[in-house]
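Got two chains here, separate frames each, mind docking them using the hints?
The chain contents come next:
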Amino acid sequence: MPEQPTLRMIKDIAAGDMEFEKKLLAIIRKELPLEIALYNENCLEKDYLKVAGNVHKLNHKINIFGLKKGYETAVLFENALRKGNCELKFEFDEILVTMTDFLNSIEAPEE
Amino acid sequence: MNCIIVDDEELARAIIVQYATNDSNIADSKEFSSGIDAIKYLNTHPKVDLIFLDIHMPGFDGFDFIQTISSKAKIILTTSDKNFAIKAFEYDSIVDYLVKPITVDRFQKAVQKAILKKTSEIKEVNHSVVTDASGIDDLFVNVDRKLIKIDIPSIQVIEAKGDYILIKTEQKNYTVHSTLKKIEKRIHRDYFIKVHRSFIINIKEIVDIKDNSLLISKHVVPISRSNRPELMQRLNLL
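Just so you know, the protein sequences line up as chains S and W, in that order. Last residue of the first sequence: number 96 in the working numbering, and the count goes up by one each step with no gaps. Last residue of the second sequence: number 801 in the working numbering, and the count goes up by one each step with no gaps.
So that you can see chain W by itself, here it is in the shape it has in the complex (with noise of 0.2 Å):
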């Protein structure tokens, strides 16, 4: 596991890393004494596995940087408040508290709850690939009595028009008799995503967003409010 600490205080990060250090389920751990430099460090390193993070920092708290981050990273929240309010277990990737000064037995506890967390939404997702498919680059409709071939990563946008979908790819467009909520299940999460009660929309093919609509090749793509959240989070913004 690959780690990063988050805290103001320059003698809780230096405990944090010496336990991190003779941890062997640590391989790497960087230490941020602001969530601003951790945020800029995780928007460009995704490999990592676990944040401890103080919640009292002045400025921008924990709770604040837990919000911004779209990592999905488990977190291991930090604090020298005894009787802290389980506020932190509104938030899933949040998978124990350390009350400071932090021990070894409990640093390995909390590791290895992260690591058993980790475990089973790897095997969960695991399942989900074999069951529902969407882990096959390829998706067949029909069109016209003929089974057609569609490359998914191809696909830049999905269209509901009525009883039937409009996909469009870069080279042709299908239509074809089925719904937005049929063919989610049978796509890539990682590339596609709902910004729209009408369409879904290929991540990796955005080209720009202004206001309330996004630029997808030529097709302009309008975002509802309730979508955008989860739009901005899937973003790597800078």
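Okay, chain S solo, but in the shape it has when bound (with noise of 0.2 Å):
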């Protein structure tokens, strides 16, 4: 069973501040599409360049997720872009439809 995404450590960031860990979790729904929208992008360009970099961006949410595993691929993933290699790229491309599945399964914070 792959690794599954929780949300202890948005929880101990926020240490009970329940609007706060709303907050947080508002931002990942509207920052990780976007994130993965120019990593999509970069790929098609084939710019593994700036493919490494959305790699390393996306791992803060990554580990946010408490993906131990799924930290240890990204981090292989970023270094063999930066040599122009991108065998990993279905691995990865898993670990993020595992976080956005995991952010639509729980509930929306309340507008």
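In short, the hints are calculated from the structure, not lab data. The C-beta atom is built at its ideal place from N, Cα and C for all residues, glycine as well. Don't take every hint at face value.
Simulated crosslink set (DMTMM-like; lysine to aspartate or glutamate; CA at most 25 Å straight-line) [said to hold, decoys possible]:
1) W:K645 <-> S:E30
2) S:K(-4) <-> S:E20
3) S:K7 <-> W:D627
4) S:K54 <-> W:D644
5) W:K645 <-> S:E16
6) W:K681 <-> W:D627
7) W:K745 <-> W:E768
8) W:K603 <-> W:D655
9) W:K709 <-> W:E684
10) W:K724 <-> W:D644
11) S:K31 <-> W:D571
12) W:K635 <-> W:E594
13) S:K35 <-> W:D726
14) S:K8 <-> W:D707
15) S:K15 <-> W:E747
16) S:K15 <-> S:D2
17) S:K15 <-> S:E79
18) S:K31 <-> S:D2
19) S:K8 <-> W:D655
20) W:K680 <-> W:D659
21) S:K(-4) <-> W:E594
22) W:K645 <-> S:E4
23) W:K672 <-> S:D2
24) W:K745 <-> W:D774
25) S:K68 <-> W:D586
26) W:K724 <-> W:E793
27) S:K74 <-> W:D571
28) W:K676 <-> S:E20
29) S:K(-4) <-> W:D627
30) S:K15 <-> W:D600
31) S:K53 <-> W:D644
32) W:K593 <-> S:E6
33) W:K635 <-> W:D586
34) W:K748 <-> W:E722
Pulled a few chain W residues facing chain S out of the computed Cβ check, cut under 7 Å [as the list claims (entries may be wrong)]:
35) V580
36) I618
37) S643
38) K681
Here it is in structure tokens:
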């Protein structure tokens, strides 16, 4: 079974401040699709250095969701991309799908 | 302490802003999504004590930022890289680095490090003012067997001339048997800077800079290649 995201880290950071916890989730809901879109765009362009930068940026959110193996894959992928190798793309894309599905499965904050 | 947060990721900024707001050591915090905007802010707000700086920003990264700013603020680097190389500590201004996601405990430790570093620097400055008298505004020089008082901030240029130095003020010039090295220890470091092996100038009196020379009042002073970077760093550049 693939590694599953959790909200533990977000709850630790918010330290019981529910408003702040909602705010963090709202930012992730807004920012994650934009970061993924930029990553896909640069993948299509085959601009591997830019893709490596996008992967690096996404790493924060992978960590926030407690995806330890995902983080390791992302680091390997980023380093490989800097050498012009994108063989780990499939594995990395799976992590992005897992995070997106997880975000969609949890209740959206009230406006 | 006043701090700024520089990171192109909103999530990272939001976490630091929250921690800073809850930290009694931090009075004010401002956030910037680009290094360029932060530099513009620093140029007009010299009282920033602490900078939380993301290393990996597109275009203009954290190390570009550090090399560009003239602020004396302490810097805490932030990174998503757990194996971050310690290139950071090549810079005196960097006191710590935090791996994202940043925990509150680690944040507080980093802030304490910045406070300790700042406090120890203030103590060093106070000590040097007492011991080398560079905080005094008057300088007595021996001219024709008379001790003449010169108001230090009125000095525009000091030029080495063999065994003598020529002190040029707005009203008068004085030729004194001394060396640039000796007078350097007796004047405010905030006002003066060596721009050439034979010239010390009052940085507040610069009219303009062109190529390898600068104009102070009616004096044209050469700038050496080795002294130019420090001069540029001390200027409030737009």
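Results of checking the hints against the structure:
1. W:K645 <-> S:E30: The hint is violated at about 29 Å.
2. S:K(-4) <-> S:E20: 23 Å, holds
3. S:K7 <-> W:D627: 34 Å, violated
4. S:K54 <-> W:D644: Status holds; Cα separation ~14 Å.
5. W:K645 <-> S:E16: 22 Å, holds
6. W:K681 <-> W:D627: It holds: about 23 Å lies between the C-alpha atoms, which stays within 25 Å.
7. W:K745 <-> W:E768: Roughly 22 Å between the alpha carbons, so the hint for K745 of chain W and E768 of chain W holds.
8. W:K603 <-> W:D655: This hinted pair holds, its Cα atoms lying about 22 Å apart.
9. W:K709 <-> W:E684: Between K709 of chain W and E684 of chain W the Cα gap is close to 38 Å, so the pair fails against 25 Å, i.e. violated.
10. W:K724 <-> W:D644: 55 Å, violated
11. S:K31 <-> W:D571: 23 Å, holds
12. W:K635 <-> W:E594: Given that 25 Å is the threshold and the Cα spacing comes to 18 Å, the pair holds.
13. S:K35 <-> W:D726: 59 Å, violated
14. S:K8 <-> W:D707: 74 Å, violated
15. S:K15 <-> W:E747: 56 Å, violated
16. S:K15 <-> S:D2: Between K15 of chain S and D2 of chain S the Cα gap is close to 20 Å, so the pair holds against 25 Å.
17. S:K15 <-> S:E79: 20 Å, holds
18. S:K31 <-> S:D2: Not OK: K31 of chain S and D2 of chain S at ~42 Å, beyond 25 Å, violated.
19. S:K8 <-> W:D655: Given pair K8 of chain S, D655 of chain W is violated - Cα atoms ~35 Å apart, limit 25 Å.
20. W:K680 <-> W:D659: 11 Å, holds
21. S:K(-4) <-> W:E594: Given pair K(-4) of chain S, E594 of chain W holds - Cα atoms ~23 Å apart, limit 25 Å.
22. W:K645 <-> S:E4: 29 Å, violated
23. W:K672 <-> S:D2: 21 Å, holds
24. W:K745 <-> W:D774: 29 Å, violated
25. S:K68 <-> W:D586: Since the Cα atoms of K68 of chain S and D586 of chain W sit roughly 42 Å apart, the hinted pair is violated (cutoff 25 Å).
26. W:K724 <-> W:E793: Holds, at roughly 23 Å.
27. S:K74 <-> W:D571: It holds: about 24 Å lies between the C-alpha atoms, which stays within 25 Å.
28. W:K676 <-> S:E20: Given pair K676 of chain W, E20 of chain S is violated - Cα atoms ~33 Å apart, limit 25 Å.
29. S:K(-4) <-> W:D627: Violated, at about 34 Å.
30. S:K15 <-> W:D600: 23 Å, holds
31. S:K53 <-> W:D644: 13 Å, holds
32. W:K593 <-> S:E6: Distance of about 21 Å is within 25 Å: holds.
33. W:K635 <-> W:D586: 22 Å, holds
34. W:K748 <-> W:E722: 15 Å, holds
35. V580: 10 Å, violated
36. I618: Violated, because the Cβ-Cβ distance from I618 of chain W to chain S comes to roughly 10 Å (cut-off 7 Å).
37. S643: Hint on S643 of chain W: holds, closest Cβ of chain S at ~4 Å, below 7 Å.
38. K681: 26 Å, violated
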